[in-house]
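Read top to bottom, the protein sequences are chains A and B.
Per numbering that gives the first Met the number 0, the first sequence starts with residue 0, numbered consecutively.
Per numbering that gives the first Met the number 0, the second sequence starts with residue 0, numbered consecutively.
These are computed hints drawn from the structure, not numbers from a lab.
Everything numeric in this text was worked out from a predicted model, so none of it was measured.
Please note that the accuracy of each hint is not assured.
Put simply, identical chains are the same to the list, so a pair is met inside one copy or across any two.
[Unchecked claim] Straight-line C-alpha distance at most 20 Å; calculated SDA-like pairs for lysine to any residue:
1) 57 to 38
2) 95 to 161
3) 95 to 33
4) 138 to 99
5) 95 to 75
Below, each chain spelled out in residue letters.
Number of protein chains: 2
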Amino acid sequence: MPDRLPHTLRSDALDNRERILDAARALFSADGLDVPMREIARRAGVGPATLYRHFPTKQVLATEAFADQLRACRAIVDDGCTDPDPWRGLCLVIEKICELHARDRGFSEAFMSTFPGAPDVAGREYTMKAVAGLAQRAKDAGCLRSDFVLDDLILILMANKGIHTRSTDTQVMASRRFAGLAIQAFQACPQHAPLPPAARLVSAAPDSA
Amino acid sequence: MPDRLPHTLRSDALDNRERILDAARALFSADGLDVPMREIARRAGVGPATLYRHFPTKQVLATEAFADQLRACRAIVDDGCTDPDPWRGLCLVIEKICELHARDRGFSEAFMSTFPGAPDVAGREYTMKAVAGLAQRAKDAGCLRSDFVLDDLILILMANKGIHTRSTDTQVMASRRFAGLAIQAFQACPQHAPLPPAARLVSAAPDSA
DNA sequence: ACCCAAGCGGACGGGGGCGTCCGTTAACGT
DNA sequence: ACGTTAACGGACGCCCCCGTCCGCTTGGGT
């Protein structure tokens, strides 16, 4: 008489769970978050009910599916912050994050859509602070223009999301060039004109960098 | 015995037509092209059939609804090309077009979606040439970086489309700042590093500026 | 005042996505 | 080997959008 708590999934259930996550990752990456749930189920070779049992909502599924992408995101930021040259670090962050988003349309959508202020902010606040620090150091080094604000980074990320082509390769290439342009725009330069005022995109930022 | 060809609409029909166009403009602008046709009909105070009778497809409706936006677009380009200072002209074009797109989400979507190469290119080819000429002059004047290509403009437009906030005012503000950054990135500058290669976004361009 | 066709819009059938229920299958512990 | 129950998935009802048909209204010419 097995009365232990079902903290452990049955082997086939676990297998299905993995296949669902794989399918979700593949479809989200290629087509964005708007793919129907049933399509994910179909691709995973399970019924709709199974999909919903494991992940009651698309939000949950996306969160789980993009867990490692999010980890990669953090790693990129950490790497950038660790770089002895803050400007180089910031450039790396911009380039890498843009590429990550370009490669994975679904992640990009999910990432930006949660920005308005979901309680998912587990480590975001912290990450934000880290980037803010990096930016401040880049400014102090005279590499980053002094009127840069964190919202500019969000702006670039949103804009990068707008770049959309049929082939992923083209998309990555375009995104790379875009990142290059953004970096160029951020670089301190004696001849640069003052920018129009920044719009408040991320509400939670007591002191912007 | 009225047997003349019905080249002229009945007065009520014409009225409805205008109301439909107004409703379409309002909804497209605010919510993008994805609004249901019936919502447009509802807002215009007509039945679905009437809407479909006047505009058999959403494409047609959008084309008619955005006719003047398109005209405005051309006017902006013309103005820019007329400016004696080509760099100033180019900057104006970028700023104005970005703002136009920011103010009208539907137009932005429609404009970019037809880019892949619809036969709607009535005057686009010509406009493109005009901008290419403007860019060339700006380069010759030493204001525009020499590795600029026309695709960079498309890139910026696509990116601008990605900027999306709830309030239109915030959106315009953000878009303005974005345009400022783009201009900064395009400006010739002794210290600028080489950019990653441009991706081919608009196929029809024998000689890029 | 009358007529008639241009114009109208409610209503319909089709299709697709959503989330859930429930009868069936098969994993796992004994 | 067997029983229990976790897990499965086909099928259902719901809602929204689409595009069209057809009986009714009304503009406008005589």
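Original post:
How would you classify residue 57 and residue 38 at a CA-CA limit of 20 Å: within, between, both, or neither?
Top reply: Classified as within: same-chain Cα gap 12 Å, cross-chain 27 Å, threshold 20 Å.
**OP:** Measure nothing new, just compare the shortest in-copy and cross-copy C-alpha distances for residue 138 and residue 99 to 20 Å and report within, between, both or neither.
**Re:** neither (25 Å within a copy, 33 Å between copies)
Original post:
From the Cα coordinates, with 20 Å as the cut-off, is the pair residue 95 and residue 161 best called within, between, both, or neither?
Top reply: both (17 Å within a copy, 19 Å between copies)
**OP:** Give the relationship of residue 95 and residue 75 under a CA distance limit of 20 Å: within one copy only, between copies only, both, or neither.
**Re:** within (7 Å within a copy, 35 Å between copies)
Original post:
Is the C-alpha distance from residue 95 to residue 33 at most 20 Å within one copy, between copies, in both cases, or in neither?
Top reply: neither (25 Å within a copy, 32 Å between copies)
When the structure is compared with the earlier hints, violations turn up for hints 3 and 4 and for no others.
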